[in-house]
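Enquirer: Here are the chains, one letter per residue:
Protein chains: 2
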Amino acid sequence: MRALEPLPSHLPASEQAARLPRGFEALGTTAGIKESGAPDLAVVLVTDGPAAIAATFTTNRLPAAAVRMNQAHLEVTAPAGEGRYGWVDAMMCTSGCTNAATGEAGLADQRSLAATLATHAGTQPERVIAMSTGLIGTRLPVERVAGALTSIAGSFGTDDQAFADVADAMRTTDSVAKAASVTVELRSPEGGLVPVTVSGVAKGVGMIHPEMATMLSFVLTDADAQPETLSRMLRPIVARTWNQTSIDGDQSTNDTVLLVASGASGTAPIDEDPQAVAALAGAVEAVARSLARQQAADGEGATTLITCAVSGAADDAAARAAARAVVSSDLLKAAVHGADPNWGRIAMAVGNARVASASTLEAAGLTPEAAAARAGHAVEVDPDALQIDIEGTPVFAGVPLEYEEGTLSERMKRGEVLIRVDLGIGPGVGEAFGCDLTQEYVIENSEYSS
Amino acid sequence: MRALEPLPSHLPASEQAARLPRGFEALGTTAGIKESGAPDLAVVLVTDGPAAIAATFTTNRLPAAAVRMNQAHLEVTAPAGEGRYGWVDAMMCTSGCTNAATGEAGLADQRSLAATLATHAGTQPERVIAMSTGLIGTRLPVERVAGALTSIAGSFGTDDQAFADVADAMRTTDSVAKAASVTVELRSPEGGLVPVTVSGVAKGVGMIHPEMATMLSFVLTDADAQPETLSRMLRPIVARTWNQTSIDGDQSTNDTVLLVASGASGTAPIDEDPQAVAALAGAVEAVARSLARQQAADGEGATTLITCAVSGAADDAAARAAARAVVSSDLLKAAVHGADPNWGRIAMAVGNARVASASTLEAAGLTPEAAAARAGHAVEVDPDALQIDIEGTPVFAGVPLEYEEGTLSERMKRGEVLIRVDLGIGPGVGEAFGCDLTQEYVIENSEYSS
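Residue numbers (the numbering used here), protein chains in the order written: chain A, 1 to 450; chain B, 1 to 450.
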């Protein structure tokens, strides 16, 4: 049989550590939103602001108050950015209450807290960005959170522990905090090489009744970049990483990724230097990919991380769609849980795959015309050219192949399963990350609240 | 609050019975495909053929051998129909083996069985249509099935039991056989009223490892209609019924619906009579809707049928998309299993809804231009206008409402839950059918085969 094409991988190595880049100070604390008394408020300040920021937000048509407020704030600090990028001095994340489906009153709550943090940080409210996660349909305890915000002076740290505390305070039902860090070298204005850190923390998508699968991430760097550069960099990276992660196919009202550059590393601005942009983008993608995989592995009830790598597709959008269809199939997810090399369910999922919506394709870098032409189309599949392998074992190549089922099943019990699919049609590659479907998922999500 | 709009419902009443319309003879028998010895071969012959037939097939890009053969046969008997309609003398359904992912050899198996049945029925192979369901990736036991086909003369019945036997032989893991029947009166050529029967049987979508969620249905009538008339009638009905049914979001390689008109009732041809077409379409839709709901209620592992009725959408396509998003959400399905009136998950699912692909919209009756313009777009939602009620209890109307949770939870334990959503935007209505997500689903689908 034809050898499966390897996926291109030129990403720098990342480590699972929360190294706080220069130019930020951070803390995680308890404001009293969660009944458990666990940390539920994270704040990140820009030391010598403002910092350039790019953001991606949920496309859910019922966005949370924080998402609505952020988009309005970014439109003020960078009117050309249409709410996608701008400038920021202070960021906060509350956990335990989504502040979604709370109407205009919920929006007023969020604005009031932004004003409080702005006063503390000595900036205007429009340079404050907020994220939230937790219970839907309840109001934020504004007085308690405002009280916490006015008493945190002196509690900020500039070390890695402070950023780890941020990751911890963002958690809802995550079993572990998620962090990833990469260092690359960029040119200084004098021409020397300067180390630049890209670090991210994230929460989700583990969830338990009645919380939602909100996915939030801070990605911070001390590189020097304009907001628009960051935004152009961020969107295709999110398309290849977080948007290729599926725990249960549901998208929360609050999903937010923030990419923030303080410029404190002393590098030259990267904006006019394609090589520097590529180097930083590689670091951001390595961090995003690591966080997305950590999140999929911690999917609610999950025991096994599923990675599906697709090659040979007509184009990358088709490859990503096929990979995502595989990790999103409840049938395949249940089969992986049973360590069952059920390739029929992989073939079925690939056969059902449809290229994403036009907006997703545009985010991934296609022109509006190209995106409209491709959106929603079935992924091209030739049954005779299709090849599937599971954990390195070829199981299908146009026809079912003979393989040692018991041996392969044993290999599927090690906490991670790699499924490779080659469509044998074109140069498109892509991957997606998911997790197995377990009884624990059903139990946790059907538990009645009272 | 604004009263929720009732869904329009002008469908005739259906009963869950397998009344065989005139002009057909049928049987269900054991051919030896299933190891269990359960019935696994159904045959329906047209008494005085050929009969007009319209069909919808899976859009999975890896269609089973039967689907590929049927499309080729229909293209021969009605070249203008592009494989969507034609003429038929004999139909068969095998259960226990999908004959999918079996390559050209599997297609040859299917053609060989069609030729055997054609010989028995005194017709040519192109007037034979076949459906199959069961294990993927294995070959049909051709000799055994051919043997059964050559020994069934004299076993056919023209009574309701014969059609019930067809429903029984189509089952794989269905816990009960599904049937629905409606009688309407149409004009005879002499101007009198003649009773016309529309009856359907269906299997799926219960599944257990390693079988797939194949959905198959015969809908038979003794009305007199041309294939193209049936095809124009069938596509929007399938869009409103079976395509709005979701057990787990996966579409099999074999899904097939056949609508067959024998003309044996003695009515005038309906094709040029809009009133007669509408009457027959109403009967077909009532049968299709009943079968789709029976299938959702019997979803694998399911304990509760979920119906989501959406009104106030921008148009019907948007309403159907929103309804389908609700019944497809694993989070909502798990909440219903726990009798948890978690309206936040309903709002979240509505906010994520996207209008279907262009091909689905075209099938539902939109022009290709209109379908392309709407495909994949987010469903328009105004958070302030959104209203949700569960089992008649209003729970959200722009803001969360007060309600008695314990009482509502009790009402959700009765085997069926009706969720009504009003978007408050336009005249569009639609509904969708699903079932709860249970631990049993995970257990059955993660059981290792060996």
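Be careful, since some hints might not be right.
To be verified - Computed footprint of chain B on chain A, listed as stretches where at least three residues anywhere in the stretch have a Cβ under 8 Å from a Cβ of chain B: (1) 125-132; (2) 189-202; (3) 344-352; (4) 395-409.
Keep in mind that the hints were calculated from the coordinates and are not lab data. Cβ atoms here follow ideal geometry from the backbone N, Cα and C, with glycine treated the same way.
Enquirer: Work down the list of hints and note, for each, if the structure agrees.
Expert: Evaluated hints:
no. : hint    : verdict
1   : 125-132 : violated (count 0)
2   : 189-202 : violated (count 0)
3   : 344-352 : holds (count 8)
4   : 395-409 : holds (count 7)
In this structure, the earlier hints numbered 1, 2 are contradicted, and the remaining ones agree with it.
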